[in-house]
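First to last, the sequence lines map onto chains A and B.
Okay, so the first sequence: first residue is 681 according to this note's numbering, each after it adds one.
Okay, so the second sequence: first residue is 262 according to this note's numbering, each after it adds one.
Hints are computed from structural coordinates only; laboratory data are not their basis.
Here the structure is a predicted model, which means the values were calculated and not measured.
From the three backbone atoms N, C-alpha and C, an ideal C-beta is built for every residue, glycine too.
Check before you lean on any hint, since a few could be wrong.
Unchecked claim - The calculated lysine-lysine pairs, modelled on DSS-like cross-linking and capped at a C-alpha distance of 30 Å, are:
| id | chain 1 | residue 1 | chain 2 | residue 2 |
| --- | --- | --- | --- | --- |
| 1 | A | Lys802 | B | Lys783 |
| 2 | B | Lys793 | A | Lys823 |
| 3 | A | Lys853 | A | Lys802 |
| 4 | A | Lys823 | B | Lys581 |
| 5 | A | Lys853 | B | Lys263 |
| 6 | A | Lys739 | B | Lys264 |
| 7 | B | Lys807 | A | Lys823 |
| 8 | B | Lys807 | B | Lys825 |
| 9 | B | Lys385 | B | Lys445 |
| 10 | B | Lys851 | A | Lys770 |
| 11 | B | Lys532 | A | Lys739 |
| 12 | A | Lys862 | B | Lys825 |
| 13 | B | Lys382 | B | Lys527 |
| 14 | B | Lys527 | A | Lys769 |
| 15 | B | Lys721 | B | Lys751 |
| 16 | B | Lys851 | B | Lys808 |
Stated by the list, open to error - Each pair of labels, with its calculated beta carbon distance range:
| id | chain 1 | residue 1 | chain 2 | residue 2 | range |
| --- | --- | --- | --- | --- | --- |
| 17 | B | Val643 | A | Arg872 | 52 to 58 Å |
| 18 | A | Gln795 | B | Gln372 | 32 to 38 Å |
| 19 | A | Pro854 | B | Glu582 | 23 to 29 Å |
Stated by the list, open to error - A few chain A residues that face chain B, going by a derived Cβ cut-off under 7 Å, partial list only:
| id | residue |
| --- | --- |
| 20 | Lys716 |
| 21 | Val720 |
| 22 | Gly728 |
| 23 | Tyr741 |
| 24 | Ile744 |
| 25 | Ala762 |
| 26 | Arg766 |
| 27 | Leu768 |
| 28 | Ser783 |
| 29 | Ser788 |
| 30 | Pro794 |
| 31 | Asp865 |
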Amino acid sequence: MSDVTSVLFVGVGGQGTILASKILTIGLIEHGYDVKMSEVHGMSQRGGSVSTQVRFGKKVYSPIIGEGSADILVSFEEMEAARYARFLKKGGKMVVNTTQIPSLPVLSGACQYPQGIIAELKKHVPVRDLDATKIATDLGNPKSANVVLLGALIEALGLHDIDWKSIIAKTVKPAFVDINLKAFDAGMAAARQ
Amino acid sequence: MKKLLTGDEAIARGLYEAGVSFASAYPGTPSTEILENVAKYDDMYAEWAPNEKVAMEAAIGASMSGVRSFAAMKMVGVNVAADPLFTFAYLGINGGFAFVSADDPGMHSSQNEQDNRNYAKFAKIAMFEPSDSQECIDMTKEAYKVSETYGVPVMIRMTTRVCHSKSLVEEQDRQEVPPVLYQKQREKMDAVPAISKKRRYVVEEREEKLKGYSEICPFNEVEMHDTKIGIVAAGAAYMYAKEVLGDQASYLKLGFTYPLPMQKIKAFADKVDELYVIEELDPFMEEQIRQAGIPCHGKDVIPKIDELNPNIVSAGVLKKEQHGVDVSDSCFVPRPPDLCAGCPHRGFFYELGKRKDTVMIGDIGCYALGGSAPLNAKDLAVCMGSAFSVAHGFSHGLQLSDQKKRVVACMGDSTFFHTGINSLTEVAYNGSNAICVILDNRITGMTGHQDNPGTGYNIKGEPATLIDVETVVKALGIKNVRTVNPLDLKAMKETLDWAFAIEEEPSVIITKWPCVLKKFSKEDKAQFNLDKTPCVVDRDTCIGCKKCLSTGCPALRYDSENKKSSIAQADCVGCTVCMQVCPVQAISRKGDK
């Protein structure tokens with residue numbers, strides 16, 4: 681049990697959590713780990729809150745985790761980090777994209793987007809917060825924010841002996857290889873700061 | 262080299278390796294990707310059937326003709342397919358026959374949480390329950406051997422976590438299976454009372470034989486470690502137990518779960534101090550094990566409701582709770598799913614939601630989201646294809662009880678072909694003034710864009726006969742029919758006004774515009790103006806009235822400090838619904854002003 685690492689990706693439907701977790705799993709398999717990945721399709725993908733779980737180690741049984749079991753949480757949106765925080769181990773850590781996407785109740789005025797989320801999270805666990813959407817936009821494509829976050833995750837996990845760049849180059853569409861390689865580097869750099 | 266496959270992809274691989282020739286399905290989460298992947302193999306015939314009953318019947322026909330055949334569906338789809346299934350269970354298979362029931366504990370994407378293992382017992386057929394992707398391949402292959410050896414339809418019961426989790430598999434080559442050439446055998450294939458009465462005995466004899474198979478099935482395995490705790494589990498529940506208990510417990514891992522290997526369970530129970538049956542949803546195995554006189558724990562420690570996970574098993578068996586980081590609840594607000602930016606359903610729901618004294622009946626699909634604020638355009642929904650028949654009964658009930666309201670019902674194009682046609686037949690034949698709306702977005706949307714009889718393409722993307730919705734509606738005898746672009750709010754409103762004015766007869770509105778996420782066909786491109794130039798808000802003109810926000814479009818933003826709306830350019834696809842709603846013309850297509 682103890683040799684298994686659990687990574688929880690959370691975000692909003694359509695943000696590309698699945699592609700980021702796919703690149704991660706390919707790298708982990710090539711490195712010889714047993715890997716399980718779980719995702720949910722269907723209704724929640726329509727702008728709802730989404731999560732993907734990747735677990736790796738010598739031998740993995742369960743594809744999913746319960747509360748208090750993730751070693752690291754990668755949130756593609758600020759408020760989603762808080763929603764899923766209870767799945768993080770005490771002593772776990774977070775990588776959080778500080779971009780804010782208003783949910784439907786916020787847009788319709790039923791409630792306000794919460795303030796001071798990152799400060800609250802930092803009271804509990806180490807948080808690497810970065811504006812991955814801005815970084816990706818500055819590089820030329822806001823949609824590569826997912827690979828910026830992947831870079832930050834790899835840095836936080838210390839998984840440096842896997843050739844991530846060749847995996848990215850094999851996985852994404854040819855027209856997006858350059859931008860995604862830049863995004864990956866920028867994410868790693870942001871996580872080192 | 263090992264490959265990482267989802268359970269659904271692995272079932273498709275298993276079918277390929279097992280030499281299956283024919284596969285049919287109706288899409289439904291979490292089963293959809295099985296047939297999408299079967300369609301990638303040239304050696305198998307694959308199709309989207311209009312509904313699960315038809316998929317089951319088509320696969321039954323293929324089996325009777327002599328080839329190995331398959332059907333897939335989500336758990337509620339088995340309700341639709343139950344009629345042919347229960348009688349096929351009496352008849353003889355010819356080519357091997359298996360089907361997948363993909364259950365959804367936790368209701369991630371379903372309207373109920375039924376436990377379809379009960380169907381195996383109810384229909385007296387055989388059942389396998391894989392727990393990971395490798396088992397999806399291996400058990401699929403074994404299922405065909407069991408089907409042909411015992412002359413039984415086999416259910417492969419999966420759950421969301423098996424369907425949509427990826428794990429490593431070893432692939433093997435396809436084993437071609439020669440067809441069992443068809444010979445007329447009325448005495449085992451014609452379901453008339455005289456024959457079924459004889460087959461009834463065959464079913465019971467077969468079940469006894471299958472009990473024998475269950476005892477020796479290689480997928481029902483004992484794994485002895487510490488004997489204080491003994492676990493009986495199948496499917497994903499086994500993985501959770503193994504994760505939590507490791508070598509602190511012994512296991513009887515079951516892969517063939519109907520009929521159960523009761524002697525094996527008894528022998529295992531005798532070797533352990535306390536027996537725990539760990540299963541999601543109903544006490545399906547527990548009740549049978551208790552009935553056999555074997556004491557066990559089960560639903561006294563494991564909940565019946567919702568899907569399990571390792572923590573729940575830990576809390577139930579070890580009484581150990583696990584909690585995570587406790588962040589203040591004020592840090593997040595709900596994020597329900599929403600109709601996409603540019604969704605053609607938005608215009609319809611926006612106009613419908615404004616009507617008073619209207620009962621709005623929905624169905625199963627993306628349009629289930631029309632009920633949420635701010636659109637608020639739904640009162641109720643039941644199951645696939647039900648909207649029109651429920652509306653028919655509702656309209657009559659209102660009249661019989663002298664309640665002055667009108668009923669509007671809606672369903673999508675794929676749902677119309679699924680069972681909505683029958684539903685509309687009721688409305689036409691028996692007559693009611695229900696306003697029936699077919700939201701034709703030219704694709705099956707919610708499950709991820711599968712073709713259907715109305716799109717003009719088949720599962721392999723090849724041209725197919727296009728069945729025109731309006732022609733079908735008119736052929737059913739509906740006289741009042743109009744087709745409208747739902748993104749044109751003025752036209753949408755006028756069309757609703759027209760239908761509301763028809764008080765004595767049924768009326769049908771077809772809203773026709775392609776799903777914004779769809780890969781547009783050449784016909785879509787020719788027929789619709791699909792310009793995706795985004796809209797922009799002129800800040801000087803915007804008066805901060807928030808009227809645009811009442812469309813519920815996720816591309817809109819509102820700056821409450823400066824009281825101005827804006828539109829996220831990366832999200833907007835230029836549907837112009839907000840532009841039509843704005844009272845001061847502050848919104849325009851980018852580049853138009």
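Cross-check of the supplied hints:
Restraint check: the Cα-Cα separation between Lys802(A) and Lys783(B) comes to about 52 Å, which exceeds 30 Å; the hinted pair is violated. Note on Lys793(B) and Lys823(A): the hinted pairing holds, with a Cα-Cα distance of about 17 Å set against a maximum of 30 Å. Between the alpha carbons of Lys853(A) and Lys802(A) the distance comes to roughly 36 Å, so the proposed pair goes past 30 Å and is violated. For the hint pairing Lys823(A) with Lys581(B), the CA-to-CA distance comes to about 42 Å; that exceeds 30 Å, so the pair is violated.
A C-alpha spacing of about 23 Å is found between Lys853(A) and Lys263(B), which places the hinted pair at or below 30 Å, so the restraint holds. At roughly 16 Å between alpha-carbon atoms, Lys739(A) and Lys264(B) fall within 30 Å of each other, so this suggested pair holds. Annotation: proposed proximity of Lys807(B) to Lys823(A) holds, straight-line Cα distance about 28 Å (limit 30 Å). Taking the CA atoms of Lys807(B) and Lys825(B), the gap is near 8 Å; set against the 30 Å cutoff, the hint holds.
With a CA separation close to 25 Å, the supplied pair Lys385(B) and Lys445(B) stays within the 30 Å bound. Only pairs whose Cα atoms come within 30 Å are accepted, and Lys851(B) paired with Lys770(A) is rejected, the gap being roughly 48 Å. For the suggested pair Lys532(B) and Lys739(A), the alpha carbons sit about 27 Å apart, so the restraint of at most 30 Å is met. Distance hint between Lys862(A) and Lys825(B) is unfulfilled; the C-alpha atoms sit about 35 Å from each other, more than 30 Å.
Proposed proximity of Lys382(B) and Lys527(B) is supported: the alpha carbons are some 20 Å apart, at most 30 Å. With a C-alpha separation of about 39 Å, the suggested pair Lys527(B) and Lys769(A) falls outside the 30 Å cut-off, and the hint is violated. At roughly 38 Å between alpha-carbon atoms, Lys721(B) and Lys751(B) are farther apart than 30 Å, so this suggested pair is violated. This hinted pair checks out: Lys851(B) and Lys808(B) have alpha carbons roughly 20 Å apart, not beyond 30 Å.
The hinted window of 52 to 58 Å between Val643(B) and Arg872(A) holds, with their beta carbons roughly 55 Å apart. At roughly 37 Å, the beta-carbon separation of Gln795(A) and Gln372(B) lies within the given 32 to 38 Å, and the hint holds. Remark: the range hint 23 to 29 Å for Pro854(A) to Glu582(B) is contradicted by a beta-carbon distance near 49 Å. The interface hint given for Lys716(A) holds, since its Cβ lies 5 Å from the closest Cβ of chain B, which is under the 7 Å cut-off.
Hint on Val720(A) holds. Least Cβ distance to chain B is approximately 5 Å, under the 7 Å limit. Residue-level restraint check for Gly728(A) holds (minimum Cβ-Cβ distance to chain B is 3 Å; threshold 7 Å). For Tyr741(A), the suggested interface contact is upheld, since its CB lies about 4 Å from the closest CB of chain B, less than 7 Å. Annotation: Ile744(A) was flagged as interfacial toward chain B, and the flag holds, the nearest CB pair being 5 Å apart, inside 7 Å.
The interface hint given for Ala762(A) is met, as the beta carbon of that residue sits about 4 Å from the closest beta carbon of chain B, less than 7 Å. For Arg766(A), the shortest C-beta to C-beta distance to chain B is roughly 4 Å, which falls under 7 Å, so the interface hint holds. With a least beta-carbon distance of about 5 Å to chain B, the hint placing Leu768(A) at the interface is held under the 7 Å criterion. The interface hint given for Ser783(A) is met, as the beta carbon of that residue sits about 4 Å from the closest beta carbon of chain B, less than 7 Å.
Evaluation of the Ser788(A) hint against chain B yields a held restraint, the C-beta minimum of about 4 Å falling below 7 Å. Checking Pro794(A) against chain B by beta carbon gives a least distance of about 5 Å; that is within 7 Å, so the hint holds. A cut of 7 Å between beta carbons decides the hint on Asp865(A): the least distance to chain B is about 22 Å, and the hint is violated.
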